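**Q** Line by line, the protein sequences are chains D and Y.
Every letter in the first sequence is one number past the one before it in this note's numbering, and letter 39, counting from 1, is 1136.
Every letter in the second sequence is one number past the one before it in this note's numbering, and letter 215, counting from 1, is 196.
I should point out that these hints are in silico values taken from the structure, not numbers from a laboratory.
All values derive from a computational prediction rather than experimental measurement.
Yeah, the Cβ is synthetic: ideal placement off N, Cα and C, and Gly gets one too.
Treat each hint with caution, since some may be false.
[As the list claims (entries may be wrong)] Here are some, though not all, of the chain Y residues that point toward chain D, as calculated from beta-carbon distances under 8 Å:
#1 H(-9)
#2 H73
#3 A138
#4 R141
#5 T179
#6 R230
#7 A231
#8 F266
#9 V270
#10 P271
#11 T275
#12 L299
[Said to hold, decoys possible] Facing chain D, according to a computed beta carbon distance under 8 Å, are these residues of chain Y, among others:
#13 A5
#14 D6
#15 S31
#16 Y229
#17 T233
#18 L268
#19 I272
#20 A279
#21 G280
Each chain is listed here by its residues.
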Amino acid sequence: MKWIRRSVLATALIAGMAATGAATAQEQPIKFGLLQDFTAVYTFVTGEYNQGQRDYLTLINEEGGIDGHKFEAIVRDTGNQPQRGIEAYNRAKEEGAILFDFLSTPVSRALVDSVLQDAVVMITPVHGRGDASDGETFPYVFPMMATYWSQATVLAKYIEDNGGLEGKKIALVHIDSPFGREPIPVLQDLAAEKKFEFQAFAYPSPGNEQSATWTEVRRYRPDHVLIWGAGGGQPVSVREAIRNGIPAENILSVVWLAETDVANVGSDTMKGVKRFEAVSTGTDSPILQRIKEKVVDKGLGAGDAKNVGTSYYNIGVATMAVAVEAARLGLEAEGAPLTGAKLKAGFEKVTNFDAEGLMPPVTITAQDHQGGGAGRVSQWNGEAWEPVSEWGAAYQDIVTKEIQQGAAAFKQGN
Amino acid sequence: MFYRLAGVHHTRYETARALWPVPADRWQVAIVALLALAAPFFLSSLYLGSYLLPWLIWSAAALSLTLLMGLAGQLHFGFAAVMAIGAYSSIHLARFGVPFELALIGAGLTAAVIGSLFGAAALRVKGLYLVMATLAMQYLVDWVIINVPAISGGAQATLRTPSVSFLFIPLDTLSARYYLALGWVALVAIFFLNVKRTSFGRALVAIRDKDFAAAVIGVDPFRYKLMAFFTSSFMGGVTGAVLAFCYYRAVTPEQFSFNVSIQLVAMVLVGGLGSVIGGFLGAGFVLLVPIILTNLVAGMAAAGWFTVSSNLLAHVPLMIYGALIIGFLLFEPLGLAKIYDNIRKYFLVWPFRHSRS
């Protein structure tokens, strides 16, 4: 009966904390639940991503917060397991978190309904269900950066601007999972519109063995190959593509290709490979400079200093930059204390926010929670990811069609 | 002293065969049942919804699997797939307009039919080869769910459960869902306790111990193995449906992946093969200990007890968890149920030293 005693005790403790918490609400920090997968599937991104998120919150706190409101991150490991995510979510919610970032498809899918019901904000930057861009169907879910659909269109636009799409053969080589299949409908619609040939090739999860798939790709003789995987599958895809005679310049990747993959493939082999980029890489932007100066150099950083400025670190910084901006707008418009509903209103007021040049300008409205879907293509030049196109969104009419279809299906229960 | 045996003597076969002949055991069961029934009134929704509810449902799953693994001795490494079949078929049936009560049974039957189909194919092989055959089932079912949009629910591969009611009680509130799960796990536990005393259960035990010896004494191994697969898959299917409707309320293929199958096997093994209390303890251990450890370690780090990088911090609970499993298996290879049994036997004769078995 120990567990009952323990849980009764814990309940009493939490109730007591809540009671005392109400009295000191003014000094309470704004809490963000960063309940991510540090130990299972998303390990390739979570460490750097989460470090960027926390360093940015530390920077804001060091600079005095927003009108005196400080931020606190509740960080927990969910191991990519929905049941652990549900527990962490409910606990963080009781502790007062009003924004959640799970960075895990199974966990965020399992919690979409709870978030909508509990009126707290869930952000799904560069991952998560694309149809959540429809703010009217998903009032509390914010992809807030280019979804996978928009990433596919940005990559397609790049091909069109650099040699044209018409008559080309484009192959999508993807992991056999819902995530891997996500860009297919958008690319099929584009193929019909722009008159290019498109074929999808799936490799089995988790993707460390893809040779059979790439033999087929080779037979297809594509002009360009989009690789759509994450983590350990990505370096395998790049290596197999090059082995099967596809020039590195013709390989384009989803957002999940970063410094680690370069190290795994080999910097020289990787030279020329392109990827979608939602946030600029490196430490040139003013925010990164300030993080270095006020957080990392003071020893307040959340992790290894050499991660600062990596692709995923910067994505983490950008997510929190948008979230903090939304909190500022929410507080400005509705006053303290900030709640989930006020934060949501703040998000929908974000206009042309580019985090001091770190990312493309984002405008989130009550209808469009994606914020425009802009991004750019960058290329590995042997030393760094070098941008080869301007920030911009592409073919959003096709993306919007997908969003509406998905949102309609969600209303029917999918 | 705690388990008073004085006055417990049997004059009729019924009392001797009772589930709990000792009054102290009956009291314990009654108290646990009362606490479980009253849980929605004294537990916060966090502990009810995120700890007790999943624990009960996974206990039902572990009990379903232990019927096959513990009683009949057939290894099954694809039980999450069985639950997936149950979950998906119940949702599709409920959407089609079938009453939820019938959808549950339908889910069980679908899972049972498909489960015993694979079982039948697997019955020519034993041991590790059976593991491979059931693994194949896991991957086949996963593949079919992901690749058939009509099953998985389209591009986003998420199916939300429609709102339903069970025996005129709508499953909208957490308490209602909790009571349904409690009812189901109680049913499974009572079935399991009793099946051991039936000819069916004894036949399964005979097959587990030596299948050709069982054949010699007139137990048809093929038939009984198939029945074991059928029964176990039926219960697994209904449990999958209960999991979908009472806990997740939105199913995705990842919720029933290979990892979950391994977790279920771990629950059965850590808990103790073939025992009811082992099913509950094993499910609690595998499901809740990682969560409790994560919160404990995070709390200690927040309080400044030790400062490590967040990456290491996330892995510390896993290390402790692994050490715990190894420790338990070294200390008592027969699982948590055996530890419970040892404690019970100690108190059975307390304050004297020796217990009889």
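**Q** If a hint holds in the structure, say so; if it does not, say that too.
**A** We went through each hint and held it up to the structure:
1. H(-9): This hint is violated: Y:H(-9) lies away from chain D, its Cβ roughly 30 Å from the closest one there, beyond 8 Å.
2. H73: 11 Å, violated
3. A138: It holds, given that the least Cβ distance between Y:A138 and chain D is near 4 Å, below 8 Å.
4. R141: Interface hint status for Y:R141: holds (5 Å vs cutoff 8 Å).
5. T179: 32 Å, violated
6. R230: 6 Å, holds
7. A231: 6 Å, holds
8. F266: 11 Å, violated
9. V270: Violated: closest Cβ of chain D sits about 11 Å from Y:V270, beyond 8 Å.
10. P271: 7 Å, holds
11. T275: Holds. Min distance 6 Å.
12. L299: 6 Å, holds
13. A5: 14 Å, violated
14. D6: At about 15 Å, which exceeds the 8 Å cut-off, the nearest Cβ of chain D leaves the hint on Y:D6 violated.
15. S31: Holds - the Cβ of Y:S31 comes within 8 Å of chain D, reaching about 4 Å at its closest.
16. Y229: 6 Å, holds
17. T233: Hint on Y:T233: holds, closest Cβ of chain D at ~5 Å, below 8 Å.
18. L268: Cβ of Y:L268 sits 7 Å from chain D, so the hint holds.
19. I272: 5 Å, holds
20. A279: 6 Å, holds
21. G280: 11 Å, violated
Checked against the numbered hints above, the structure breaks hints 1, 2, 5, 8, 9, 13, 14, 21 and satisfies the rest.
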